[in-house]
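Participant: Let chain A serve as the given structure and place chain B on it in line with the hints.
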Amino acid sequence: MKKLRSLLIGILLIIGLLFLGTVWLERSTGMSDAKVLNIYNWGDYIDPKLITKFEKQTGYKVNYETFDSNEAMLTKIKQGGTSYDIAVPSDYMIQKMKKEHLLLKLDHSKLPNLKNIDPQFMDLAFDQHNEYSVPYFWGTLGIIYNDKFYQASQFKTWNDLWDPQLKNKIMFIDGAREFMGIGLASMGRSLNSKNDADLDRAYNKLKALTPNAKAIVSDEIKTYMANEESSVAVTFSGEAADMMEKNSHLHYVIPEGGTNLWFDNLVIPKTAKNKQGAYEFINFMLDPKNAAQNTEYIGYSTPNKAALKYLPKAITSNKEFYPSAARIKQMEIYEDLGPKYLEKYNDLFLELKMYRN
Amino acid sequence: MKKYNTLLAVPYFLWLLFFVLAPVVLVIGYSFFDQSGHFTLANYAEYFGSGKYLLMTFNSVWYAFLITLITLLISYPTAYFLTKLKHKDLWLLLIILPTWINLLLKAYAFIGIFGVHGGLNSFLGFFGILPKQLLFTDFSFLIVAVYIQLPFMIIPLFNALEELPPSFIAASKDLGASSTQTFFKVVFPLSLNGVKSGVQAVFIPSLSLFMLTRLIGGNRVITLGTAIEEHFMVTQNWGKGATIGVVLIIAMVIVMLFTGEKKAGGK
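As they're listed, the protein sequences go chains A and B.
The opening position of the first sequence corresponds to residue 1 in UniProt numbering, with each subsequent residue numbered one higher.
The opening position of the second sequence corresponds to residue 1 in UniProt numbering, with each subsequent residue numbered one higher.
Keep in mind that the hints were calculated from the coordinates and are not lab data.
There may be inaccurate statements among the hints.
Claimed, not checked - Taking lysine-lysine and the BS3-like style, the derived pairs with C-alpha atoms no more than 27 Å apart in a straight line are: (1) K167/A <-> K132/B; (2) K169/A <-> K52/B; (3) K246/A <-> K132/B; (4) K207/A <-> K106/B; (5) K340/A <-> K96/A; (6) K156/A <-> K169/A; (7) K205/A <-> K106/B; (8) K246/A <-> K185/B; (9) K205/A <-> K167/A; (10) K289/A <-> K53/A; (11) K52/B <-> K194/A; (12) K222/A <-> K106/B; (13) K185/B <-> K196/B; (14) K329/A <-> K156/A; (15) K289/A <-> K115/A; (16) K132/B <-> K148/A; (17) K344/A <-> K319/A; (18) K309/A <-> K246/A; (19) K169/A <-> K148/A; (20) K329/A <-> K98/A; (21) K52/B <-> K344/A; (22) K169/A <-> K106/B; (23) K222/A <-> K132/B; (24) K340/A <-> K52/B; (25) K309/A <-> K56/A; (26) K196/B <-> K169/A; (27) K52/B <-> K207/A; (28) K115/A <-> K156/A; (29) K96/A <-> K78/A; (30) K167/A <-> K196/B.
The following block holds chain A by itself, in its conformation from the complex (with noise of 0.2 Å):
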């Protein structure tokens, strides 16, 4: 039993020492803090290359962390445990991180390179003259297809997935908004409806699709259509370059009529320690070469106008991946729903997810 007592003193002992070798490790890494960049990025969203080259140029140290889902950042960056320094979340998560005041307004003297970014994706309604953010990469909502077994002709418009034949094929994105934004779209409404009425209608039109859902996933979708386990998905631009590279039998058309313009975007939390790395950085990333060499890697459509020289034409004569200011003038940025309706919109989705005739 006395054995049990200088166990119990020893175990608390360690507890002690361990804090004090957090305290101590929290000040160590508090006195080199100007020499550290926090950056919270997406997985795999910037040539590592990049960073390599970044850290040599500047002396920074830069510690990159990840998440899956702009709401998993969103709670992360309130939360405040680590003070990160650079993220980049979505359009309508920067009206929602404004909102809630989390975000710091950029000064645009210390970002020289701003200049480089296409005037047409520069001062966009979810960021009025950048106050806060800096475009990084965009893309669009569209479908994939496989020519072994489809024509580009069968995905003219979004109503051309109600075809019969397509009964238990198609593979759709795991987003409320998404979803129901191809009901929204095939009936020419807005992505962003707050009309009850166009979103029961929607709701409706959107049953009958349901037969022709093989599966509503995610990130998955990538391997089952470089795999061929599936041969047509509704998808983002950017993830379907990186099932293209996989099979050279895929193709990624953008339906006539409205679809979803994304964007994701650099910004400065308010609670950054180290805003003149941030600004470096961010001025770092809009450098034509650097933005060229991050876009080859990526695969996803830039904003940076400069850069376009730098790559390959393949890549930015492709009207899929880079179409023209007329066909981007029909497109429809996410707007912050608000919490009323983004839970409409999530309550239909579920509730298309459980239909079934």
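Facilitator: Frame of chain A; chain B shown alone:
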């Protein structure tokens, strides 16, 4: 002497407090608040007032019931057979072995097996059967769920049947009972406790098998787990997510009451 006894109880009570009591209280607490943090009963009103959640609950219970029934039908004869073997511990170990492998890994393996170009379809191909869509169907979902739950049903059944003295069966036969009579009048009633704990161990987790509904069911099979994930991750309406959690807890309590030890007393 007494002093040490209380000391020994400290880890247990700490565990209870932090990992049992606190989470349950939090879940119940959250379920009474809306998104702006006001006290409300609306979450429950919506749950029980909308056909959507009731249908989802029904779906969850139905799938969990099917999974439990199929596992029981497979496990009972298996467990019975195992008790008759020579090196039963070894054979039992072989059944338990797959539980040492990560659940996700097993789920991914099944994706490979059920795929259009997967093992099962190429096997069927030998008999001239064209590739079928197996993945993302009720069929594949049930198979994988049953496969994963099987050991948790077999173990309690095995233990119950193992405890059954062979002399009881001999006595039953001596007194002129047929094999069927012996089974239904002697073996099955005496193994009922095993059946009950097996059902508990399988039915309850099956109610919210959310990972499998996604990976194997391709979200074409929807259970309450899917809704909970959506409310916590996408709409961030923790109140509603917690409400579903509370309903699941209540469902589990009901199952426990039905399969509890007390009822087992009434033979």
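Participant: Would you mind marking each hint as holding or not holding in the structure?
Facilitator: Hints versus structure:
Taken as a hint, the K167/A and K132/B pair is honoured in the structure, with Cα atoms around 13 Å apart against an allowance of 27 Å. With a CA separation close to 26 Å, the supplied pair K169/A and K52/B stays within the 27 Å bound. For a cut-off of 27 Å, the pair hint linking K246/A to K132/B stands: about 24 Å separates their Cα positions. A C-alpha spacing of about 33 Å is found between K207/A and K106/B, which places the hinted pair above 27 Å, so the restraint is violated.
With a C-alpha separation of about 14 Å, the suggested pairing of K340/A with K96/A holds against the 27 Å cut-off. With a C-alpha separation of about 17 Å, the suggested pair K156/A and K169/A falls inside the 27 Å cut-off, and the hint holds. Restraint check: the Cα-Cα separation between K205/A and K106/B comes to about 37 Å, which exceeds 27 Å; the hinted pair is violated. Distance check on the hinted pair: K246/A and K185/B sit about 62 Å apart at the alpha-carbon level, beyond 27 Å; violated.
Only pairs whose Cα atoms come within 27 Å are accepted, and K205/A paired with K167/A is accepted, the gap being roughly 15 Å. For the hint pairing K289/A with K53/A, the CA-to-CA distance comes to about 12 Å; that is within 27 Å, so the pair holds. With a CA separation close to 21 Å, the supplied pair K52/B and K194/A stays within the 27 Å bound. At most 27 Å may separate the alpha-carbon atoms for a hinted pair to count; K222/A and K106/B meet this at roughly 20 Å.
Restraint check: the Cα-Cα separation between K185/B and K196/B comes to about 17 Å, which is no more than 27 Å; the hinted pair holds. For the proposed pair K329/A and K156/A, the alpha carbon gap of about 18 Å is at most 27 Å, so the pair holds. Distance restraint check for K289/A and K115/A: the Cα-Cα separation of roughly 14 Å lies within the 27 Å cut-off, and the hinted pair is therefore satisfied. Distance restraint check for K132/B and K148/A: the Cα-Cα separation of roughly 18 Å lies within the 27 Å cut-off, and the hinted pair is therefore satisfied.
For the hint linking K344/A to K319/A, the alpha-carbon distance of about 34 Å lies beyond 27 Å, and the restraint is violated. With a C-alpha separation of about 25 Å, the suggested pair K309/A and K246/A falls inside the 27 Å cut-off, and the hint holds. The suggested pairing of K169/A with K148/A holds, with an alpha-carbon distance near 14 Å, which does not exceed 27 Å. At most 27 Å may separate the alpha-carbon atoms for a hinted pair to count; K329/A and K98/A meet this at roughly 25 Å.
Proximity of K52/B to K344/A is assessed by CA-CA distance (about 13 Å); at most 27 Å being required, the pair is judged to hold. Between K169/A and K106/B the alpha-carbon distance is near 25 Å, which keeps this suggested pair within the 27 Å criterion. Between K222/A and K132/B the alpha-carbon distance is near 21 Å, which keeps this suggested pair within the 27 Å criterion. For the given pair, K340/A sits about 17 Å from K52/B by alpha-carbon distance, which is consistent with the 27 Å threshold.
For the proposed pair K309/A and K56/A, the alpha carbon gap of about 26 Å is at most 27 Å, so the pair holds. A hinted pair counts as satisfied when its Cα atoms are at most 27 Å apart, and K196/B with K169/A does not qualify at roughly 42 Å. Taking the CA atoms of K52/B and K207/A, the gap is near 15 Å; set against the 27 Å cutoff, the hint holds. About 36 Å separates the Cα atoms of K115/A and K156/A, which puts this hinted pair outside 27 Å; it is violated.
Among the hinted pairs, K96/A with K78/A is consistent with the structure: their alpha-carbon atoms are about 12 Å apart, no more than 27 Å. The hinted pair formed by K167/A and K196/B fails the criterion: a straight-line CA distance of about 42 Å is larger than 27 Å.
This entry does not satisfy hints 4, 7, 8, 17, 26, 28 and 30, going by the numbered hints stated previously.
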